[in-house]
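Participant: Taking the hints into account, I'd like the entire structure generated from these sequences.
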Amino acid sequence: LQFAGLLIMDCPLKFDSKRVVKELRAGQQKVVMVTGDALLTAVEVARRVGIVDAPQEFTYALSKTDVGDFVFQPIGGGKNEATENCLSYSVSTIAKLRKKVGEGKAAVCITGDVLAKLAVSAIERASPEKGSLVIDERIALNHPAARTELA
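With full-length UniProt numbering, the residue at position 53 of the sequence shown is 53, and numbering never jumps.
Calculated directly from the structure, the hints in this document are not laboratory data.
A portion of the hints provided could be inaccurate.
As the list claims (entries may be wrong) - In silico lysine-lysine, DSS-like type, Cα no more than 25 angstroms apart, as pairs:
1) Lys130 to Lys30
2) Lys99 to Lys22
3) Lys64 to Lys96
Facilitator: Here it is, written out as structure tokens:
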């Protein structure tokens, strides 16, 4: 094999996305992102616009294990590190994570399939139809919801 080159692609955020998120948060609004992007992309965009403030080592994805259990898996670490530092999906863990998320010390991202399990900061791999469903469900549960394009 011979190296022929490297291609880097970037889709910049809209110029006012970060400002709008900051204004919403300053107005005590909970900002949640629904996107069709992959998990790591979703987390990075959420960080760039100020939705996720938590350090990377305290950002978790709700994942399903091989035996069908759900766990909160750290995002960004190596495979072994992520497996070793998983948090159980339990009432006590959810309560602790909710508190940390509320304080900006942790973030949780999930796929659309497990949305109903937990209040989240970003949802990845969601189709436009699933995104609309998420917003409709949040409105039905008296959660404020709005749709916007960040990128």
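Participant: Each of the hints needs a verdict: does it hold here or not?
Facilitator: The hints, checked one at a time:
1. Lys130 to Lys30: holds (20 angstroms)
2. Lys99 to Lys22: holds (21 angstroms)
3. Lys64 to Lys96: holds (20 angstroms)
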